[in-house]
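There are 2 protein chains.
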Amino acid sequence: MIELLPDERLDHLLGKEGRIIQSPTVFSYSLDAALLAQFVWVPIKQGQLVDLCAGNGAIPLFLSYRTQGTVTGLEIQPRLAAMARRSIQLNDKQGQLKMVEGDVKEAGKLLGYGLYDVVTCNPPYFLAHESSNRNMSEHYTIARHEVLCTLEDCIRSAADLLKQGGKTAFVHRPERLLDLVTLMREYRIEPKRMQLIYPKQGKEANMLLIEGIKDAKPGLKVLPPFIVYEQDDTYTLQMRKHLDV
Amino acid sequence: MIELLPDERLDHLLGKEGRIIQSPTVFSYSLDAALLAQFVWVPIKQGQLVDLCAGNGAIPLFLSYRTQGTVTGLEIQPRLAAMARRSIQLNDKQGQLKMVEGDVKEAGKLLGYGLYDVVTCNPPYFLAHESSNRNMSEHYTIARHEVLCTLEDCIRSAADLLKQGGKTAFVHRPERLLDLVTLMREYRIEPKRMQLIYPKQGKEANMLLIEGIKDAKPGLKVLPPFIVYEQDDTYTLQMRKHLDV
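As they're listed, the protein sequences go chains U and D.
Mapping to our numbering: the first sequence position 73 is 501, numbers consecutive.
Mapping to our numbering: the second sequence position 224 is 652, numbers consecutive.
None of these hints come from the bench; they were simulated from the model.
Check before you lean on any hint, since a few could be wrong.
Because identical chains cannot be distinguished in the list, a pair is counted as satisfied if it fits within a single copy or across any two copies.
Subject to a maximum C-alpha distance of 27 Å in a straight line, what follows is the list of computed DSSO-like cross-link-like pairs (lysine-lysine) [as the list claims (entries may be wrong)]:
#, residue 1, residue 2
1, Lys631, Lys645
2, Lys649, Lys628
3, Lys591, Lys649
4, Lys649, Lys620
5, Lys631, Lys649
6, Lys521, Lys537
All chains, please: the whole structure from these sequences, using the hints.
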């Protein structure tokens, strides 16, 4: 029996059988996490994966439906890490998923250097001083703004964790594409696959998925555009297929 | 009366009333040029524009339907520059368009530093050693391979020519996105607008349009995806609108 705190609720993992503990006032995962978990290359049978800035564990949970490898989530906020741990128990995934509480800047020291096949990260999107909805809880602020870690910290740590030839994938706002690719190259991660997410046909992209390989040769592929909603605000066929809904 | 050489023919400018002298064995413009000329920001009433690697003058001709400013094409191959000059005469655009024969690496020296509002460039796509269709004429080889100029030469020259706040737009293969944005930033051109061209729905992007502004603040927008063909190989509505066909 898993205990829910008063402000928590049990949500479905979009398109999956699993459940996840969320809280409207503390933290809920967004579509970005679901899309990143579906976009990233994963080993099917075995391997070691890490999710940085893991929040309430949405990406590790989603990944567990695609790989039999182990996934370690790293999260600095004790409250979110605790939610994630209870969700892992709830889905009976303790053998495959684990959460470590700690700072993304120390990921190599905490989890080991050069050991991992895959690192995912849905980092804070906004600069520390940028206003988004800063009327949110401190938990949201930390998850959404570069208060405790920057994009560079995330990319450096992903590079620290990866084996040679290992893959790392990020989701971010398209405005940060240049920072992403510049930093990836600086830390020996060559961008290899990119996909742009458009909310609707005819609209500008509002999300970017990008995957790089440690010490790979240059050569970027841009996957077909991904469009989330039809004009009538229902999910596109592409989106429904993507999520197995 | 304009003279055509034996291997030349008179083609329509896609979607426009104008005509252009082309040659299947020497050089013909491709869709890339038409899309770049439509994508780039232009001043409507007046201004000075340059097209680097102008070939047989397709981009200057296309631009003349969007702006009343003057457009100078720079082309190193005498045969192509001569074709372009005859096409300019043919369309009676001598008052607005001119061709200069010369090396893109010397663009600033030839045309003047810091004077221009807009610079376009459809550069050679392939590295000097890369194989594409190298069974083509030497004219094609020079136009398609970085034999006489590299991407860096083109970007450096665009930066040389531009006023502060001037705009420059390139078309290239998506594989070169990282080189493009890295070099643009190196030469003080901040990438601001990008559009990916997909041959069909569900296919990887095969072309990239990108525009930067000299000495601008960071912040990239990714425009809606542009899809050229329907599944049955007819032009999409988007493409027909784009070309005013």
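Hint check:
1. With identical chains, the CA atoms of Lys631 and Lys645 are at most 27 Å apart between copies only, with a shortest distance of 23 Å across copies and 33 Å within one.
2. In this assembly of identical chains, Lys649 and Lys628 lie within 27 Å of each other by CA distance both inside one copy and across copies; the values are 22 Å within and 15 Å between.
3. For a Cα distance limit of 27 Å, the shortest separation of Lys591 from Lys649 inside one copy, 22 Å, qualifies, whereas the shortest one across copies, 33 Å, does not.
4. For the identical chains of this complex, Lys649 and Lys620 are neighbours both inside a copy (6 Å) and across copies (21 Å), given an alpha-carbon limit of 27 Å.
5. Proximity of Lys631 and Lys649 under a CA criterion of 27 Å is satisfied in both settings, with 22 Å inside one chain copy and 11 Å between copies.
6. When the C-alpha separation of Lys521 and Lys537 is checked against a cutoff of 27 Å, the pair qualifies only within one copy, where the shortest distance is 25 Å, while the shortest distance between copies is 67 Å.
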